[in-house]
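Construct all of the structure, not just a fragment, from the sequences and the given hints.
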Amino acid sequence: MLAVDLLLTLAALATAGQCLLLPGLFRAVTNLMAFGLVMALIWVRLDAPDVALAEAAIGAGITGALLLTALGQLPASQRQLQHVNYRFPHLFIPITIIVLFIGSLVWAAMLSLPKLGLVKEIAATLPYSGAEHAVTAILLNLRGVDTLLEIAVMLCAVAAIWSLQQAIPPPVLAGVNYPGLTTLARWLHPLFLLTFCYFLWQGTHAPGGAFPAGAVLGAGGVLLLLTSNIEWMHQRAYNPLLRWLLSAGLLLFLATALSGFLMTGTLYGLPPPLAGYFIIAIEVATALSIALMLMTFYLFGRPGNWP
Amino acid sequence: MIQHLIVLPVVLPLVAGILTLRSRQGGTRSKRLIGVGATALLVMIGIALLVQAAGGEVSYYALGGWQPPFGIVLVLDRLSALMVLVTAVLALGAVVFACGGDDEKGSNFHGLFQLQLMGINGAFLTGDLFNLFVFFEVLLLASYALLMHGGGKARIQAGVHYVVLNLAGSSLFLIAVGVLYGATGTLNMADMAVRISELPAERAGLVTAGALMLLVVFGLKAAILPLYFWLPRAYAAAPAPVAALFAIMTKVGIYAILRVYSLLFGEQAGPLAGLEQSWIWWLSLATLVAAAMGILAARDLRLMVAYLVLFSVGTLLAGIGIGSVEATSALLYYLIHTTLVTGGLFLLAELIGVQRGKAGTRLVKGRPLKQGGWLAGLFFLGAIAVAGMPPLSGAIGKAFLLIAAEGTQRLWLWPILLGGGLCMMIALSRAGSTLFWRSHGEAAGEVLPRRQWFGVVWLLGASPLLVVLAGPISDYTHATAVQLANPQSMIHALLDGESP
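The listed protein sequences derive, respectively, from chains A and E. Residue 72 in our numbering sits at position 80 of the first sequence, with consecutive numbering throughout. Take the position in the second sequence, starting the count at 1, then add 71; the result is the number in our numbering.
The hints are simulated quantities; they were obtained by calculation from the structure and are not laboratory data. Note that the structure is predicted; figures quoted are calculated from it, not measured. Be a bit skeptical, because a hint or two may be false.
Only part of the chain A face toward chain E is listed, based on derived beta-carbon distances under 7 Å [what the hints assert, rightly or not]:
| id | residue |
| --- | --- |
| 1 | 113 |
| 2 | 134 |
| 3 | 135 |
| 4 | 141 |
| 5 | 145 |
| 6 | 152 |
| 7 | 155 |
| 8 | 235 |
| 9 | 239 |
| 10 | 256 |
| 11 | 259 |
Far from chain E, by Cβ distances over 12 Å, these chain A residues were calculated [what the hints assert, rightly or not]:
| id | residue |
| --- | --- |
| 12 | -1 |
| 13 | 5 |
| 14 | 14 |
| 15 | 20 |
| 16 | 33 |
| 17 | 69 |
| 18 | 124 |
| 19 | 185 |
| 20 | 186 |
| 21 | 198 |
The beta carbon of each residue, even a glycine, is placed where N, CA and C say it ideally should be.
This is the structure we're talking about:
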C-alpha cells in the first residue's frame, strides 16, 4: 500500500504544481479539479470516507464547476491572462521553501504526535450527547455552536454573492441542444437523493452526517442547474420561500439553542433524553440548507427578477 | 440572569442579522430600526458587562453546559468586556451614519453588519482556539460582503485582494490550530496554557511552530509590516460606515495577539515564554516607519486615514513589544482612542468627499464646501486627536506609551513615534488647507443629513471624553493589564482549581 500512498502524494503535488504553474486559466481549473479528486482518494486512504465524499463533491465538483462557469463569463481575451514568462528560479525557490516547510512540519508532527487528545473524555460524554458517533456528537452537541456559526458563515457567503449583482440566468447550453445530458442529470438525481439520505442516516452511528450529505445533494442540484434550468429559483414569487429555505438550517439551530436555554438554563444545553431528536432535526435542516446554499452559489447573484 | 449576559453580544446580533437578512429589499425603515436598535442595545450590554468585569472576577459561560476543556466557553474578563464595549460604541456611530443613505446603495447592509458584529464580539469573548477561528471566519465573510457593498470596480478589485489574502490566512490559522491541538491535545486556551507549562521538551518545537504560525495569521489581521499591503486600498475603497467599522478589525488581530500570547506563553510557559516579543517589537517599529511614509505620500484623504489606521497598529504593536504592564495599560488606552477617532475620520472623509462633489476626497483643488465651517472644525478636532497633539486623547495615550518604554527601547521608540507624529501633523495640515481653503467656484451640493453628522460627532466626541475621563479609564486599563499579566486567575476560574 505504500506504493499507492506515495503515488497519491506525488499526484497531489503534481496537480497542485501544475495548477499554479501552467499557463492558461482553463488548465489551472481542470488541474484544480483533478487535485480535488486526488485529495478525496487521500482521505479514503486516511480512513475518512465522509470527508472524502465531501471533498470530492465540493473540492472537485462544485468548486470546479463554479470556476469553469466563471471562466465562461470572462471575455475570451482574458482567459489566457496567465502568459507571464515564469523563469525557473522565480517560482522554484518559493515553492521549494513552502513544500519543505510544510513537509518538515508534517514530519515533526508525525514524529511527536502524542495520544493525549480529548478522545477519552468525549467517549465518556457520548451517552449524554444523543449521538452514537463521536464526530456527530462533537459537531452537533458538544461543539454545536461552532457548527451553527459555520452555517452562518455560509449564509454570509450567499449574502455576499447576492450583493454583488443580479443573478445570471444559467446558460442552459445556449442554443445547443443536448437532450441526453438533461435527461441523464434528471435520472441521476434520485441517486444523489439516495446517497443524501444514506449519509444522514449513517451520521448517527458512523462517519457521515449533515455536511457530506448536504455536499452530495448540493452537487446533484448543481448538476441539474447546469443542465436544465430550475426556474422557481429565479422567480420573484418564490424569492421569499428561497430565503426562508436558505436560512432554515440556521433558524432551526438557533431555535434549538434557545429551546435548550429554556429547558436546561444554558444556551444550546440539550437535555440528554431529547438530544437525539434535536440532533436529527438539525441534521436534516442543515443538510438541506447546505445543499440549497451550494446551489444558490450558481445563480451568480441575487435572483428574484423574473416575474 | 446576569451570567447569561455574556452570550448576548453574540446572540443578539445573530438574531437581528437573520431578521434583517430574511426579507428582500424594501422595508428599509424596519431594517434600520432593527439595526440601530440592536446596536444601541449592544452598547448597553457592553456597559453592563464592563461593570461586571470591572470587579476583576473572570466569569465564563459554558455553551451547551459542557464544561471546559471540551465544551466551548465564552470568557469575560476586563479585556474582553472593554473590547466589546468599544466595538459597540464604534458600531453605533457607523450604523447611524449608514442610515443616512449608505445602506441603500446595495442589498443586505444591515444584516451583514450585524453578522459582522457577531463575529467581532465572538472573537473577543471566546476562550477556545478553534472557536476563535470560527468567529474569524464569520467576521471575515461578513466583511468581504460589506467591503463590496454598493459595488464598483475599485471596491471589487480591492475586495478580491482582501479575500484571497485572508483565505490564505484562514488556512494557515487552521493548520496552526491543528498543530497546537496535536501537540497539546486540547483547544481550550486555558487548558492549553496549563498543558504548555507542563510540556515535555521534545514537543516544544512543534508548539513554537504553531505559535509563530498563529502570529502570522494575527499579524495579517492586525496589518503588521510585511502583511499590511492589503489594508490601505481595501479601507480606502470600502463604503464609509464599513471602513469605520473596520477600524476595529485590525484591533481584533491586536486583541488576539494579546490574549493568546499572554495566556499561552506567559511566564508559566517556561522556555517558550514571550517567544513573540522580539518579532513584534522590531516589526512594529518598521510598520510605524512605513505608515508614516504612507501618510505623507497619500494623495487622497481616505487613503491617508487608512495609513493612520496602520500607524495606530504600529503603535499598539510597539506596546505589545515592550511587554510590561505599564505598556499594556498604555496601549489599551490608546486602542480605545484610536479605534473611535479613526472610525470617525473615515466617516468625516466621506462627508467632505460628498460636499466637494467631483473632486471627492482627492487632495486637489475643488469647489468650496457648503457646510465647510462645521466640517473643518470637526476635521481640526479629529486631526489633533489622531496626530497625538495635546490636549486631546491621542497625546495622553502616546505619553503613557513613551513613559512605559524602558532603557534602549526609548532610543528606538521615542524618535520614531514622535517623528511619526510630526509626519501626521504635516500631512493633515496640508490636507486640511487643501480641502478647506484651496477652492474655486461656487459651493453647491446638498445639506448633509443629521444622521451622518451624529455618526461623526459621536465618534470624534469620544476623544475629549477620553481626556475628561482619563483617570478612571487609565485605572481600568491598568487593572486590565495586571489581569492579563496574571493568566493564573483565568486558568483558575475556568478549570476550577486544576491549575498548579
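Outcome of the hint check:
Hint status for residue 113(A) relative to chain E: holds, with the closest Cβ pair at about 6 Å, below 7 Å. A distance limit of 7 Å between C-beta atoms decides the matter here; for residue 134(A) the minimum to chain E is near 5 Å, and the interface restraint holds. Among the interface hints, the one on residue 135(A) holds; its C-beta lies about 6 Å from the nearest C-beta in chain E, closer than the 7 Å criterion. At a threshold of 7 Å, the smallest CB-CB gap from residue 141(A) to chain E is about 5 Å, leaving the interface hint in force.
Hint status for residue 145(A) relative to chain E: holds, with the closest Cβ pair at about 5 Å, below 7 Å. Checking residue 152(A) against chain E by beta carbon gives a least distance of about 3 Å; that is within 7 Å, so the hint holds. The beta carbon of residue 155(A) comes within 5 Å of a beta carbon in chain E, closer than 7 Å, and the hint placing it at the interface holds. The closest approach between the C-beta of residue 235(A) and any C-beta of chain E is roughly 6 Å, which is under the 7 Å cut-off, so the hint is satisfied.
Against a cut-off of 7 Å between C-beta atoms, the interface hint on residue 239(A) holds, since the closest Cβ of chain E lies about 6 Å away. The interface hint given for residue 256(A) holds, since its Cβ lies 6 Å from the closest Cβ of chain E, which is under the 7 Å cut-off. Annotation: residue 259(A) was flagged as interfacial toward chain E, and the flag holds, the nearest CB pair being 5 Å apart, inside 7 Å. Every CB of chain E lies more than 12 Å from the CB of residue -1(A), the least distance being 24 Å, so the non-interface label holds.
Against the 12 Å criterion, residue 5(A) stays outside the reach of chain E, whose nearest CB is about 17 Å from its own CB. A cut-off of 12 Å between C-beta atoms confirms that residue 14(A) is not in contact with chain E; the least separation is 19 Å. Non-interface status of residue 20(A) relative to chain E is upheld: no Cβ of that chain comes within 12 Å, the nearest being about 14 Å off. For residue 33(A), the condition that its CB be more than 12 Å from all CB atoms of chain E holds, with the nearest at approximately 21 Å.
No beta-carbon of chain E comes within 12 Å of the beta-carbon of residue 69(A); the shortest separation is about 17 Å. A cut-off of 12 Å between C-beta atoms confirms that residue 124(A) is not in contact with chain E; the least separation is 18 Å. Look at residue 185(A): its CB is around 27 Å from the nearest CB on chain E, clear of 12 Å, so calling it non-interface holds up. The Cβ of residue 186(A) lies farther than 12 Å from every Cβ of chain E, with a closest approach of about 32 Å, so its non-interface assignment holds.
With a closest Cβ-Cβ approach of about 21 Å to chain E, residue 198(A) is found to remain outside the 12 Å limit, as its non-interface label requires.
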